[in-house]
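Place chains V and U on chain E using the hints.
Protein chains in written order, with this note's numbering: chain E, 1 to 624; chain V, 1 to 480; chain U, 1 to 139.
I should point out that these hints are in silico values taken from the structure, not numbers from a laboratory.
Values in this document were obtained by computation on a predicted structure and should not be read as measured data.
Beta carbons: idealized from backbone N, C-alpha and C, even for Gly.
Just to be clear, a hint being listed does not mean it is correct.
[Claimed, not checked] If you want the ones that stay clear, here's a sample from chain V, every Cβ over 12 Å from chain E, calculated: (1) Ile7; (2) Leu13; (3) Tyr138; (4) Ala177; (5) Lys192; (6) Val212; (7) Ala213; (8) His224; (9) Arg296; (10) Gln318; (11) Ser347; (12) Asn401; (13) Thr453; (14) Trp463; (15) Trp467; (16) Leu472.
[Unchecked claim] Restricting the straight-line Cα-Cα distance to at most 30 Å, the calculated cross-link-like pairs of lysine-lysine (DSS-like) are: (17) Lys573(E) to Lys589(E); (18) Lys348(V) to Lys65(U); (19) Lys319(V) to Lys477(V); (20) Lys192(V) to Lys319(V); (21) Lys65(U) to Lys319(V); (22) Lys171(E) to Lys573(E).
[Stated by the list, open to error] Here are the computed distance ranges between Cβ atoms for each label pair: (23) Tyr176(V) to Tyr98(U): 51 to 59 Å; (24) Phe72(U) to Val451(V): 57 to 65 Å; (25) Leu384(V) to Trp5(E): 23 to 31 Å; (26) Arg145(V) to Arg59(U): 21 to 29 Å; (27) Thr455(V) to Trp5(E): 29 to 37 Å.
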Amino acid sequence: MELLWLIPAWPLLGFLILTCLAARLPRIMAGSVGVGSVGAAALTALLMAWDFLKHQPGRNAFTQHLWTWLDVAGLHLEIAFYLDALTLVMIIVITGVGFFIHLYSLGYMAHDQGYTRFFAYMNLFVAAMLVLVLADNLPLLYLGWEGVGLCSYLLIGFWYTDPANGYAARKAFVVTRVGDTAMAVGLFVLYNQLGTLQIQEVMQRAAAAWPAGSTMALLTALLLLGGAVGKSAQLPLQTWLPDAMAGPTPVSALIHAATMVTAGVYLIARTHGLFLLAPTALTITAVIGAATLLLAGFSALVQQDIKRVLAYSTISQLGYMFLALGVGAWSAAIFHLFTHAFFKALLFLGAGAVIHALGGEQDMSRMGGLKQKLPLTFWTFLAGAASLAALPLVTAGFYSKDLIIWQAFASPRGGLGFWFMAVAGALLTALYTFRMVLLTFTGPARTPVHHPPGLVMRLPLLVLAFLSLTAGFLETPHSLGHMRVFSGWLHTCLPEAGLAAGREAYEILFELLAGLAALCGIFGALRLYHPLAKSRYSLPESLRQYWIKGWGFDSLYDRLVVRPYIHLAQFNKNDFLDLFFVFLAWLAKTGHQTLAATQNGRLRSYAWGLGLGAAAIAAMVVLL
Amino acid sequence: MHRPDFIALAPLLILALSAAAVMLAIALRRNHLSAMGLSLTGLGAALTALPLMARYTPRTVTPLLIMDHFALFYTGLILAATAVVIVLSYDYFSQKDDLPEEAYLLLLLAALGAVILVCARHVAALFLGLEILSVSLYALIAYTRDRNISIEAGIKYLVLAAVSAAFLLFGAALIYAHTGALDFQQLGALLKAEPSGRPALILLAGLGFLVVAVGFKLALTPFHMWTPDIYQGAPAPVTAFVATVSKGAMAALLVRLFTPTDLPHWPALYLFFTAMAAASMAAGNLLALLQTNVKRLLAYSSIAHMGYLLAALLFSGQKAAVVMTFYLTVYVVSILGCFGIIAILSSKERDADTCQDLQGLFFRRPLLTGVFTTMLLSLAGIPLTAGFIGKFYVVSAGVENAHWFLVIILVVFSGVGLFYYLRVIIAMFSPSLDEGLVPSPALPALSAPVVLTLTFLSTLVLWLGVWPSWFLATLEKMLG
Amino acid sequence: MTAQPPVDTPLWPLVLYCAIVMILAAFIVILSAFLGQRHRERTTNEPYESGIAPTGSARIRFDIKFYLSAMFFVLFDLEAVFIFAWADAARPLGWTGYIEILIFIAVLLLALFYLWRVGALDWRVEKHRRSKRQVTKVN
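Next comes chain E alone, as it looks inside the complex (with noise of 0.2 Å):
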């Protein structure tokens, strides 16, 4: 146990070595200790794992303080890292499919200019997504949330030498920052109202001090909602994440997949108390959710690019998972997001291997027939799709994602609106999945094949597809062998989510209702998209283009937000606060220039100099 800041350590270790020694460092061993450094964090997060369950530590957390890192003025911020069974899954998911991702990036990156640059960034990733969980207080927290800004940034803008790509991440940053701020706002109100930053207290006092309902936890919780929005890709801040795809695609399946958009879904979980004072900030949250879910689906339905059409799947996919969390369903969300993260992982990684194997090809209408050329790609993602389709009783992602829909209607705070939206984007998901996966794989081939993957990027593939297919047994429903072991595990320090009176009986109905909306979905593709299907029906071009547009909320910000603002800065170009300074330069170059004038070299003119010197003495001394 008293181990634990290694985890974060190594990561940052590597990212240290890889930056000093940077181009001095052969090409093999900057892999190694790239890959090296998140396998030793995987480790020792395993280690940890089974240290914490050998031994349950008093009140389920274990706290590691390392040292006092300000002491002013009453504010009282520690380094100090928390683990309970939340941060432990989170850990794992970090670093498990982190290190799988490492390992897949040798091969991936293997012909990149910027391999040394790409794992440091990568490591330092890691580094501040286990600060941002581990995390004891708010602040420590935010510095890892920053943190993983930064290098969302960094990674997304990693191909720099396309001004797109810049752009991309600049959108990114921009975009969350929105959020950030809120957060960072929310927390001052914290600490302002509370007097405290370290969560567990912070959740303590605000339960003592504001009612449940009170404006104050519903401020606080919103705000922190706002950065949890921005962070997750959630309406309104969606945005960012399809421009992100910009990045290599290992990034986007370790941060725009598995771990850092899930941080907003991790911050609302891991402050639940103060959630749970504001039961409209959980119904916000809820109908972003569910809203979001049906948006994001839309676009991904008709997206050509196979990369967006993941992009706008995990919104999607986030967006069930807030839809979990606002209903109260918090072990559900929790571990939609476990079962999210290997499945999803997966598929961008068999993107990956698809555009590697395709030179840079990303456009789905380019690419077909790669069943026959790529077959473990193929059937690995097939796993991955048909765990995000939800595919009935094989699959980790129909677990995870009918606990949802159940709950989205058996919780207390659930109802059929939410269950019914949460069932016709499981409909969506499973259409748009099979559609990505027939016009990438089948049909006649439009693009030869250079690189087919190898060992290090196939394994990463089948660790992946072997745990989206089974991390689902974890957590099975009443009707089917009643598993409870990640939410009894889990409701060691979350709450459980009850049931609406009367609601258990229809269980068994409502999940077939489920698996027949996953079913339904992928048959319809198979109609639609498959290369022997007769029907072809076509939306209207107009909507396909909003949707492929992401509902044209790009544009709408555009006209919103970004050209008012530049107006406003370019009226204000020679910024009239800077005539005070530029008057105080214009003013120090004219003395400089009455001074200059005097040294002109002059031997006689200096020695007048010192002969005024010592009239002006002499003046002085008659004249005082």
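For chains V and U alone, kept in the frame of chain E given last:
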């Protein structure tokens, strides 16, 4: 003269002896290395003599000299600075083939003059020391006689220094005419006894003319105009010597002369000192603003620094000695580092003193750039360097005694000063514009002693900047 | 010594005396300009009326050696003044003074030795010296 007298005078005697020895060595057999070695040995011996003679201090040796803790500290500072200059000179002069040996002889003599200045307790000793120092400097400034600019600088310095010496003598004569004393202590007593308000005109005029000479040596406005030309013309190590030893000795004399007298008691002098300090801070910083020649820039910056130093004298009353000594030590160390870098980079034909010479230095010589940056930041007074602590003490003394006018001037023009220091630093860190077009000049190999010296100096700057308490405590024990 | 001047000495006789001297001198000069005979001949304005007419500019370059020699003379001559001063007080100063003057003379001798060795006393220019050296080498 008794034995303790000789022991108390040991550093002076050793310096004089080693000067004679160097001259003899040159006469017998010209050798650059041996001349340098002999000079360094002499300085080392004089330095080791300091702790030995500490037992006999304070001691008045002849009516002219006093060896007290103050003199001891400044002698040490002068000897150490001279040693650094000599180390720098060796590399600098060895690439200029003809007759470098006499430079060491002159440096030793100049150091002797400076030491006499800081030990002086009589106007005669003051004059003696000043002249030994000045005459050596005339020759040193014009030492690279194949450069017109050096000769010009030498002649300018000769004429102006002679004029200022004339003022000194005239001032001394006036004082003597009024009081009949030339002994500092006696003078101090007589000055204290003067009725306040309107003291005798002759006495005041005499003191004023004395101040002219001091102001000239320290390059305080309006006696500052020689500085840039001399700094630019003199060979880089000699410039370092002028900037540190010559000014340091004079500043020490200023402290010795004026700390015992109650300056506000003399409105005319007090006002003039205030005006000089303010004008020096303003003129120095403003003149340096757009200067592109680094040696001239440092000359202007030194004018400003002497202004700060004078402000410290006005601010801190009884504590002036400690504050000024700290500031001066830091200044000496930083300036030695700066000119050391310039000396290293200089070629046979000219000194590397323009911003173009330094452009992109970081990519060719990261270590030197680091040292230079440290020194410049220290001069600018950036925290974590010794310069910050020095300036901080000056400002805090000013605030304590509510000298708002000078404090405001100091702060404002320090801000202005930051601009030109940073300009030099930026030049060093930006890649050269003509990179690849013109082959960059072949850099001379760095010799180990020079690198060690520079590393030592920058360590000192950082150490004093981070942990000044030990040094301050020592100063307070010695001078307080 | 105090600088209190005797108060009862009137200053005006001194001023008057100075004025008289000035007036007298001016008077003599002006008077001679009026009364003196003057003649303008061909060679009147030449220097050395009865000698040889000078040629060329007076501003010619002298060899630096002249200045060197002059300076050495001044230096050593001036130092001799100190020796005279010592000689005058040799007995009261005793052995201490004697030792001091010995040191002084030793330093002077050392300086002379130095000047001799560096060739400052050598009247030949650098070129001659080199050719001499070459000759000896050949021999």
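Legend entry - Distance rule for Ile7(V), whose beta carbon must clear each one in chain E by more than 12 Å: The claim stands: Ile7(V) keeps its Cβ more than 12 Å from every Cβ of chain E (closest is about 41 Å).
Inset, instruction - Check the non-interface label on His224(V): least C-beta distance to chain E beyond 12 Å or not. - result: Violated: least Cβ distance 8 Å, not greater than 12 Å.
Legend entry - Least C-beta distance between Leu472(V) and chain E, which was stated to exceed 12 Å: holds, 27 Å
Inset, instruction - Verify that the Cβ of Ser347(V) lies farther than 12 Å from every Cβ atom of chain E, and report whether the claim holds or is violated. - result: At about 24 Å from chain E, Ser347(V) clears the 12 Å cut-off, so the statement holds.
Inset, instruction - Take a quick look at Lys192(V) and tell me if its Cβ sits farther than 12 Å from every Cβ on chain E, holds or violated. - result: holds, 19 Å
Legend entry - Cβ distance range 23 to 31 Å for Leu384(V) and Trp5(E), holds or violated: Given range 23 to 31 Å: holds, Cβ gap about 29 Å.
Inset, instruction - Evaluate the condition: distance from the CB of Arg296(V) to the nearest CB of chain E exceeds 12 Å. - result: violated, 8 Å
Inset, instruction - Using the Cβ atoms, figure out if Arg145(V) sits within 21 to 29 Å of Arg59(U). - result: holds, 22 Å
Inset, instruction - For Tyr176(V) and Tyr98(U), compare the CB-CB distance with the range 51 to 59 Å and indicate the outcome. - result: Cβ of Tyr176(V) to Cβ of Tyr98(U): about 31 Å, so the range 51 to 59 Å is violated.
Legend entry - Tyr138(V) non-interfacial with respect to chain E [C-beta, more than 12 Å]: Since the minimum Cβ distance to chain E is about 14 Å, Tyr138(V) lies beyond 12 Å and the statement holds.
Inset, instruction - Would you check the hint for Lys171(E) and Lys573(E), treating anything up to 30 Å between C-alpha atoms as holding? - result: holds, 22 Å
Inset, instruction - Could you check the hint for me, namely that Thr455(V) and Trp5(E) are 29 to 37 Å apart, CB to CB? - result: Hint holds: Cβ distance 36 Å, inside 29 to 37 Å.
The structure shown violates the earlier hints numbered 6, 7, 8, 9, 21, 23, 24.
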